[in-house]
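**Q** We have chain L already, so just place chain X on it with the hints.
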Amino acid sequence: MQDTERKEALKRLKQERKEAIKVNAALANQQKKDLGRIKERLAQGPATTLEVAQDLGMPPKEALWYLAAMRKYGMVMEAAKSGDYFTYELVPQDSAAC
Amino acid sequence: MPNGDTQKFDSLVLGGGIAGLAAALDLADAGYRVAVVEQGATIGGKMIRLSKVFPTLDCASCITTSKMAAAAHHPNITLFTMCRLEEAQRVDGQVRARVAQMPRYVDPAKCIGCRQCEYECPVMVPDQEQGGFTARKAIYIPFSNAIPQLALIDREHCMMCGKCSQVCPTGAVDQLQVEQEFVIEADTMVLATGFELMTDFPARAYGNPGLGDNVISSLQMERLLAPHGPYMRALRPGDGKEPESIAFIQCAGSRDLQLGKPYCSRVCCMYAIKQAMLLSGALPLADLTIYYMDIRAFGKNYEQFYNNAKAMGVEFVKAKPIIAGNNQGGSVVLRYEDQEGGSGAKTREHDLVVLSLAMLPAFAPEEIVPVSSATDGFLKVPQPKLAPTLTDMEGVFTCGAAAGPKDIVDSIAEAGAAAMGAAKYLAARRGGQAA
Chain L
1 MQDTERKEAL KRLKQERKEA IKVNAALANQ QKKDLGRIKE RLAQGPATTL
51 EVAQDLGMPP KEALWYLAAM RKYGMVMEAA KSGDYFTYEL VPQDSAAC
Chain X
1 MPNGDTQKFD SLVLGGGIAG LAAALDLADA GYRVAVVEQG ATIGGKMIRL
51 SKVFPTLDCA SCITTSKMAA AAHHPNITLF TMCRLEEAQR VDGQVRARVA
101 QMPRYVDPAK CIGCRQCEYE CPVMVPDQEQ GGFTARKAIY IPFSNAIPQL
151 ALIDREHCMM CGKCSQVCPT GAVDQLQVEQ EFVIEADTMV LATGFELMTD
201 FPARAYGNPG LGDNVISSLQ MERLLAPHGP YMRALRPGDG KEPESIAFIQ
251 CAGSRDLQLG KPYCSRVCCM YAIKQAMLLS GALPLADLTI YYMDIRAFGK
301 NYEQFYNNAK AMGVEFVKAK PIIAGNNQGG SVVLRYEDQE GGSGAKTREH
351 DLVVLSLAML PAFAPEEIVP VSSATDGFLK VPQPKLAPTL TDMEGVFTCG
401 AAAGPKDIVD SIAEAGAAAM GAAKYLAARR GGQAA
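Keeping their order, the protein sequence lines are chains L and X. Going letter by letter, the first sequence gives residues 1 to 98 in my numbering. Going letter by letter, the second sequence gives residues 1 to 435 in my numbering.
Just so you know, the hints here were simulated from the structure itself, not pulled from any lab data.
Beta-carbon label-pair distances, calculated as ranges: (1) L/Gln44 to X/Glu86: 51 to 59 Å; (2) L/Gly57 to X/Ala345: 32 to 40 Å; (3) L/Glu19 to X/Ile322: 38 to 46 Å; (4) L/Ala80 to X/Pro227: 16 to 24 Å; (5) L/Asp55 to X/Ala364: 45 to 53 Å; (6) L/Lys81 to X/Thr347: 29 to 37 Å; (7) L/Gly57 to X/Leu285: 30 to 38 Å; (8) L/Lys7 to X/Glu86: 30 to 38 Å.
Ideal Cβ positions, reconstructed from N, Cα and C, are used throughout, including at glycine.
Same shape as in the complex, but just chain L (with noise of 0.2 Å):
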């Protein structure tokens, strides 16, 4: 297929996805405040699930879950305990992969 045909189909493509891609484009941003919020939190020190849950207004389960994929993609690191919970710490700009 030539390097034109492939962008027109391209174009037509995202015309038929439209809806899902608005659903999908407006589900990424939300993540990308979130992440930003967590980041913003973990600056200022190390924190359990519960106390970013709590600071952000967020579900402790959402909290955790965003935290696992920080850590997954390299922008979180566990650090000391604190009674039943473990902190989480962001890792230095210049080591994380994301």
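**A** Just chain X now, with coordinates in the frame of chain L:
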């Protein structure tokens, strides 16, 4: 692969889990050319997703990865991942299978598995490979030892922003891929389609309010125990607390006439004991309780394994609890009648509850392959004593959990029997000549 292309093999193995891979390797080692057709993006089945195996506590990933790699590199085996069997019929003495190659939206010939696309993708999606406890991206490689190491796009969640294309060093992203159909012709077929855990778990079986954040399935617990699990340690998913009290509810769905699952799932007693033993190592101070109907420890060294768990302090309570609710701290309240301890109904709280859910067949052959299912939905084997791998379609065999709940040991033994059956059938068709 071009649409409508036909490829010829000696045997087609449907399912790339441990049973399918073991059968394929046995046949390939005997000199037969084998096609392994797997619906998922990677081979390895349920076993590659487990933490350790009972009763030896060997690392499941270590055992499975070697089988996966052996199959991937075997000159007589061709792997077809993300392929769905549309129909298989015996035509002119051959199994003729129509197979749909589902699109990855990534060119497998170009992808080098570097995951740069995954890191760049802005959309996060619950990662079912990790029990949903963490995220993956809309473009992703299923897990670090997946075979093949190829990315795929989850079209449902992709917002087509093009970031993956921009960072891909080989230009592998191809949003214009479409489903392609091709044909596999083989003399024999082995159905190794495995199982799924029950998901539509009705609240009536375990009371209201039903399942909460800290009630998980046994396969989710496997991920919590795996070294590369979502939290890399056993935490409860509701809030990240290190649980001090963990309960297992056995026969959650199995042996339940109300749920239409009268059969025993055969592996739950042993994996619950295994998980409790692993937890007692990871969380030495935690209380571990297994609520059971009766313990079925029938395999080699299984009874000893059970006794070891009791000696390690795992508590066994003969009861069928209901989930009565959650307290404010997130603990799960169970209500039960201790059939051995007496003194009526009791209430107890646990930080985390694991349901040992019923195993269900993962494949319904109706309108796809002319083999029969038994009343429990698993594949029917007309001669369960003398030929437990033989189906009612000529030259078609089965192994593993496709024909009923089975542990790994039995699945692999049965895979060997299915491969032997298929090899004998092939030799007989060729006038007694082996491969």
